[in-house]
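Asker: Spelled out from the first residue to the last, the chains are:
Protein chains: 2
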Amino acid sequence: MGNNLQDVPDIVVGRLPIYLRALSAMQASGKQYTSSHELAEWLGISSAQIRKDLSHFGEFGKQGTGYSVAGLHDQLRHILHLNREWPLIIVGAGNIGSAVASYTGFAQRGFRVIGAFDNDPSKIGTKVGPFIVHDNREIPAFVKENHVRHAMIAVPAEYAQQVADLLVASGITGILNYAPINLSVPAKVRVEYIDPVLHLQKMTYYFE
Amino acid sequence: MGNNLQDVPDIVVGRLPIYLRALSAMQASGKQYTSSHELAEWLGISSAQIRKDLSHFGEFGKQGTGYSVAGLHDQLRHILHLNREWPLIIVGAGNIGSAVASYTGFAQRGFRVIGAFDNDPSKIGTKVGPFIVHDNREIPAFVKENHVRHAMIAVPAEYAQQVADLLVASGITGILNYAPINLSVPAKVRVEYIDPVLHLQKMTYYFE
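For the record, the sequence lines run as chains A and B.
Quick note: the first sequence uses our numbering, first residue 2, plus one each step.
Quick note: the second sequence uses our numbering, first residue 2, plus one each step.
Source of the hints: derived by calculation from the structure; they are not laboratory data.
Misleading hints may appear alongside valid ones.
In this list, chains with the same sequence are indistinguishable; a pair is considered to hold if it fits within one copy or across any two.
The calculated lysine to any residue pairs, modelled on SDA-like cross-linking and capped at a C-alpha distance of 25 Å, are [unchecked claim]: (1) K189 to Y104; (2) K63 to F208; (3) K128 to R150; (4) K189 to E139; (5) K128 to F58; (6) K32 to V169; (7) K32 to V186; (8) K53 to R16; (9) K124 to E86.
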């Protein structure tokens with residue numbers, strides 16, 4: 002049940018948080034049991050796919066009764082290492098950085114923003130959400146002192162790679178990149194991308 | 002070469018915009034030719050996968066010379082229906098909606114925000130980015146008049162489904178949802194999700 006299962010495909014890992022989110026919503030609505038069929042209907046993913054994904058991590062459901070919502074929820078949290086809170090920093094105090102700094106949806110889901118940074122003197126010392134913006138030069142010491150592993154990059158595309166280099170040198174191993182460029186990082190560092198245009202372009206493929 | 006190729010897997014379609022983004026960057030840097038190996042190195046996707054993905058749509062590369070950057074770029078734009086500009090509306094004038102309304106990266110990539118909406122009387126009439134916020138009740142007429150197909154939902158989770166229902170009833174067929182819940186829509190409507198926490202949770206799977 003640990004993550005020594007190195008051969009779980011990345012795409013399967015990517016669906017686990019989606020299952021977790023659905024189970025949280027079910028839990029909030031008081032539901033006690035669910036099934037791969039019900040999850041399939043909620044999520045638009047086939048029930049066979051859901052069962053196959055979960056089977057990488059053990060036996061969860063019972064014939065007849067299905068899955069315990071709370072039980073599967075807890076096990077997915079465990080598998081995803083979310084039974085602790087991960088600190089997070091934001092680099093870039095523009096529109097996107099400000100929106101993310103003010104977002105209240107992290108706390109219940111395993112993350113807490115603890116610092117915001119920018120290299121623009123006109124932004125340093127101002128506030129984004131509840132955070133005072135600090136100079137990028139303070140990142141290495143801050144990351145070390147607070148054992149930070151995750152950072153969000155919300156700077157213009159032309160600065161994103163140099164910010165990524167600074168983050169990696171500071172010990173960050175997970176980057177969520179809002180800048181619309183691919184980053185080059187060492188293999189041990191994970192990068193995920195948020196680019197709304199990629200999603201819009203994917204949709205238009207299906208449009209006439 | 003058209004999109005009558007109904008059987009291209011969704012996950013392949015999802016990678017085409019990533020290839021297009023890399024080709025745009027190559028074009029901007031003056032590069033004339035590339036290869037599946039070079040793209041693979043830029044993107045962290047295997048060269049075999051890239052060749053297989055592109056083979057769904059025809060023969061692009063030449064033995065020896067590889068791909069013409071401009072040629073492949075244009076063909077991907079064509080396949081993704083991006084050789085026109087798609088109008089876009091934003092529903093929700095909070096932090097995320099404001100950040101997206103101010104984002105300047107849509108125009109060169111096939112999209113243009115043309116309107117912003119909210120149901121909060123304190124926001125209607127104010128500005129987000131360059132747009133005056135209009136009442137949600139104006140959405141159906143606006144969508145029809147401007148032939149809008151795409152909308153972004155940037156409202157709190159508890160209102161997202163009712164906004165989606167209004168958008169679908171108005172004729173929207175592609176929704177980019179920033180609210181952290183799964184939406185229920187008819188099969189003809191595409192929904193894509195942007196939820197930073199899903200990406201963060203996926204990363205922590207790989208962390209000790």
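Asker: Look at each hint and say if it fits the structure.
Answerer: Each hint, compared with the structure:
In this homomeric assembly, K189 and Y104 never come within 25 Å of each other (Cα to Cα): the closest approach is 28 Å inside a single copy and 31 Å across copies. For the identical chains of this complex, K63 and F208 are neighbours neither inside a copy (41 Å) nor across copies (30 Å), given an alpha-carbon limit of 25 Å. Proximity of K128 to R150 under the C-alpha cut-off of 25 Å is restricted to the intra-copy arrangement: shortest distance 23 Å within a copy versus 37 Å between copies. Within a single copy, K189 and E139 get their C-alpha atoms as close as 23 Å, which meets the 25 Å cut-off; across copies the closest is 49 Å, which misses it.
For a Cα distance limit of 25 Å, the shortest separation of K128 from F58 qualifies neither inside one copy, at 43 Å, nor across copies, at 49 Å. Taking CA atoms no more than 25 Å apart as the test, K32 paired with V169 passes in neither setting, with 42 Å inside one copy and 28 Å between copies. Proximity of K32 and V186 under a CA criterion of 25 Å is satisfied inter-copy only: 22 Å between copies versus 42 Å inside one chain copy. Both within a single protomer and between protomers do K53 and R16 lie at most 25 Å apart by alpha-carbon distance, with minima of 12 Å and 23 Å respectively.
For a Cα distance limit of 25 Å, the shortest separation of K124 from E86 qualifies neither inside one copy, at 28 Å, nor across copies, at 34 Å.
Hints 1, 2, 5, 6 and 9, counting from the list given before, are not met by this structure.
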